[in-house]
Amino acid sequence: MPIRKQSVAGTTYAFDGLVEVMARATPLRSGDQLAGCAAETDAERAAAAWVLADLPLTTFLDEQVVPAEDDEVTRLILDRHDAEAFAAVSHLTVGDLRDHLLEVATTPDAAATYAALAPGLTPEMVAAVSKIMRNQDLVLVAGAAEVRAGFRTTIGLPGRIATRLQPNHPTDDAAGIAAATLDGLLMGCGDAVIGINPATDSPRTTSDLLRLLDDMRQRYEIPMQSCVLSHVTTTVDLIEQGAPVDLVFQSIAGTEGANRGFGVTVPMLLEANEAGRSLGRGTVGDNVFYLETGQGSALSADAHLGTGGKPVDQQTLETRAYGLARALEPLLINTVVGFIGPEYLYDGKQIIRAGLEDHFCGKLLGLPMGVDVCYTNHAEADSDDMDVLLTLLGVAGAAFVIAVPGADDVMLGYQSLSFHDALYVRQALGLRPAPEFEAWLAGLGMADADGRVLAVDLAASPLLGIASGAGS
Amino acid sequence: MSASEPAATRDPWAALRRTTQARIGLGRAGNSLPTRRVLEFATAHAAARDAVHEPLDVDRVAAEVADLGLGEPVLLTSRAETRGDYLRRPDWGRRPGSLEPLEGVEKGADVALVLADGLSSRAVTDHGAALLGALAEALEGRSLARPVVATQARVALGDHVGEALGVRFVLVVIGERPGLSVADSLGVYLTMHPRPGRADSERNCISNVHPPDGLSYAAAARVAAALVVGADELGRSGVDLKDTSGSELTA
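Just so you know, the protein sequences line up as chains A and B, in that order.
Numbered by the working numbering, the letters in the first sequence go through residues 995 to 1466 in order.
Numbered by the working numbering, the letters in the second sequence go through residues 550 to 800 in order.
Just chain B, with the same shape it has in the complex (with noise of 0.2 Å):
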């Protein structure tokens, strides 16, 4: 690239950058922005948007959750049809479409994994499938229900299926909005109880998962493990259940 970067030497704002990821120091062009920051900046909102926007491959995650032996998952999708849908109405996309598929599948496990869309399919590729790994394996002892796939989903979207499956605990797996520096970050979700019209108050989130830079699947794994526990003893999860795994919340 002929735009290059000054040696980091000749580069009195190197020190300042170790403090921040902000985007100092990024020199000018007359008032405006050096060509080469202007394509970084476009690069990044580009991946970022293609993050939100590219459909989910569900076959291929269907069949890397598949090859996790928890079972063979079942595909839902929202109320929302087209993403611009999602977008527009979220109410749309915390109700299923139909919850038919999930007839005939066996109820009354302790606990439903549901890995869902979101705003980042990427993410959902990137890591989903491992991180349901970590969790099957960190809620050992714990009966699992066929876990679900669900696309152009929201969090509360596991309200229902966790109802319909008649599970104790759904633990969401869901694509984040994209950042411009991270677009592939995963949160988990936990709802004891879950019934349409649980409110977000009464929800765990466990946000940031994306190895190496992020959170560990096995970390979030073991915070969550840690939160159905925590809910079981109180009763219930959200606001008023802490996260008493410790200090884990490191990659």
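This is chain A alone, in the form it adopts within the complex (with noise of 0.2 Å):
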């Protein structure tokens, strides 16, 4: 791309490059600033817009932010480019597609036109598009797309949100981690999955804690699946070694580099995605896969430069993750918005802002897209701004959320959003749990016929014995 300039206020900036442009237009955040890859001033991000908003989509196709040669991300998202798809805005520039969105999203069938246009695009694209969108913008378009997934529930029901439920444990002590899963089943969490960080990676823990799950969903047949968030390997030897996986979980990156800082490779989870299904556990479903991003992560790793070394900002390369997530069919991917700290993500309006973005991306691409809304006791945010973010992304239609006891992580160290609000963004919009736990729960008496979840009396339920049997 030749240099282009643009005026605003009487200056004339420069940008050089698609890398620059794309940097330039992002809206203000600190790690951005961090790489030395934000606009110096507010004027010359309103121009990089404007240059931005005037590039033709074709630019994405005949120019690469990372270099194909470098970077197998790369390369697996112009091998999987559908140029077909893609006919239908090839004339159009970003701004244009813009409206375009906005446009279907009015129409009766925008979710099939969304769901037709998804391979057509490329990660860069989609990111391009969403600098130039308001938040508003960002949560119309998501809010009339549809993207479904199953494994034992289904996810991505319009009308609906799931939540995972996260009962971590800074010892992994199985009676402390039935304690939390008992006490979110309850407030009717779990539908997405019932997912451990387990305090190390060792097979053991991993494969103790898979089968405390696997024991729990079948003695009291809750339609659930489990996830012990340990590394690819370790799941897929447990898998070869015949533990009870349901979902294979790891997280990812939109660089090469950033993730051999995880430890994975695209061949590596490609190979893991096989094996997950080749079990065979699924339901209603088989995608197996259940990925972490996060914007910031690749500079993290110090793997965030592009094309001409100059640094790629943060919201495309998370952009780029959500194209290696396409190729795996995950149940679900989450953000994991605010937890990687003030220097990426500095306050509640940076954080907010990046989850309607990564909401967004993820999900025009067709992914199944959820949400850990949430932050670190270092950031400028609070519960306040974690209300603005869950409720935006309720009307925005996020396929699920995290969800921890008192949204209080005691392992990670960060905040989350509680069970509470769970029940609070589901009752102030109508959403529903997913329809086979929803079945579950009103069985079971926990839920009425609206799917609302009822408060039940500890001492009574059916479930008391999740927690006095787990120390055993």
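Be careful, since some hints might not be right.
Which chain B residues face chain A? A few, computed with CB under 8 Å, are given here [as the list claims (entries may be wrong)]: (1) 573; (2) 581; (3) 585; (4) 588; (5) 636; (6) 637.
Hint data in this document are derived by calculation from the structure and do not stem from the laboratory.
Every residue gets a Cβ at the ideal spot worked out from N, C-alpha and C, and that includes glycine.
Both chains are given apart, each in its own frame, so use the hints to dock them into the complex.
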């Protein structure tokens, strides 16, 4: 791309290449400032947005932000690009694409139109358009899109929002994990997955925790999937040893280098997907991957440089991770948006913006997108900011959110949503749990005919044995 | 307080709470958290935020360190001038604003002790001088440089200090990121042959020092001293060096 110039308020700004235009046009965030690629001033950012809006979408097929010869994620994205699907928008600029997406959102068959378009869009195109969309645009388009996936529950149905029940414990104590799981189930959570971050990556611990959850599932006939978020190689080994693995987990990022930092490659992930599917444990679908991502992961691994050795902005790299995720057809994928800290997303405003961008980009690319609505104690954010983001994501049709007891993850040391927050968003927006899970709740008298989770007395609950049995 | 806790005997969650620190069985007001639980959470978050943002009382801490008899502490600041800069720019927190205060300080000691505010000034205020004292005691027999108190500082700032003082080891005692339940925890980072550019994999860390609930000063100091001995034998600190001090990681 030649150097492009744009004047704003009497000053002319020049942008050298696609990487620079993308970075400078990105709404302000601390991670891009740390990487040295953010616009210096608001006027420069506005100028870059004009340049970006005028770029033909074909630019993204001709010019790469991360060179294909250096990066297997780029090669995967290009290999899997569907020219036929792209034909519907190939004549548009980035600005035209925004208008088109908003037009489609008003039509009755919007979801089908987006689904047909998805394989024709590259992550970079989607990242680009998101940068010139306001928060309300990100909500409207994502809200009109639909992406479904299934294992033992169905994820992504309109009018529903699922939850990952995250019963982490600092020492992986079975009784403590069971107590937190019981708490979440009584609050109608766990329909996306019951997923434990283990304190150690030992195969033995992972195996023990998998059996704990699988025994619980079978004893109480819960339509659910479990996951212990160990490294993908640990999980694949356990599959070979016959452990009850439902979902295969891995953190992924948008560059080959950042994925190497996670200890994974594209072929390794594709093989793990086949290994998980080979077990045939799903009942309503065979999506077996659970993926986590987050803006800033490439920068923190010092693997964020692109064409010309220039730093690529963190939101574009995040969206490239979704390009990789698409190839794995996951059941669940979520951005852990506020976990990484204020050097990447400084405050509530930046976290909210990033959460909406990630959700929009993932969903438009065809992923069952969830969000870990979360923050750390050194970020300028609090529960009120999380309420705002959760509400917006509920309106935007997020597939699922993460929930922990009282919003306090005592193992990872950050604040996510609480089980109560999940009930809040369902009540405020009339959203229901995943249908299979809702039917199970209703069968136990824990939900009413409208899917509302009823308050139950612990002592009288048929699930009480979950906690009392785990310690033995 | 009007929103009082139900008697434990009437709360069937009481037994389950003994299995986890997680905030389970909080009850419901409609679908939402009861008032008491909302206030508890907000209070814990407030304490954690204050621990991050309250500036370190350098005069007070420096006086306490001076009382240890290890020499008058040298005061340093990082390149990050404000807390906002510190949080946004970890690279600035790793570099000293100026090393001038170290000029004229005697060089060539075995170990330098650096007390840094990190992400919790409260941890340094509550435990900093006492932990430094315990470390000096556990390192008896080794020569110590004059102690350094550094503000807006991250661990790698110790690499610059260590190089400037020509020491073989630097021990950075630093405030850890506050959690909701613990806002006053210190970490200790050991680096052998410190110099700018050392990777995190070349350090050893002792975390969670905050008596009475976390690791005690004496236990942390014993482990640190054992790591120094081990690094001396191995010729380097970092991931290849294991803590061989036994089962002493209890409070």
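Evaluation of the provided hints:
| no. | hint | in the structure |
| --- | --- | --- |
| 1 | 573 | holds (4 Å) |
| 2 | 581 | holds (6 Å) |
| 3 | 585 | violated (12 Å) |
| 4 | 588 | violated (12 Å) |
| 5 | 636 | holds (4 Å) |
| 6 | 637 | holds (5 Å) |
Checked against the numbered hints listed earlier, the structure breaks hints 3, 4; every other hint is satisfied.
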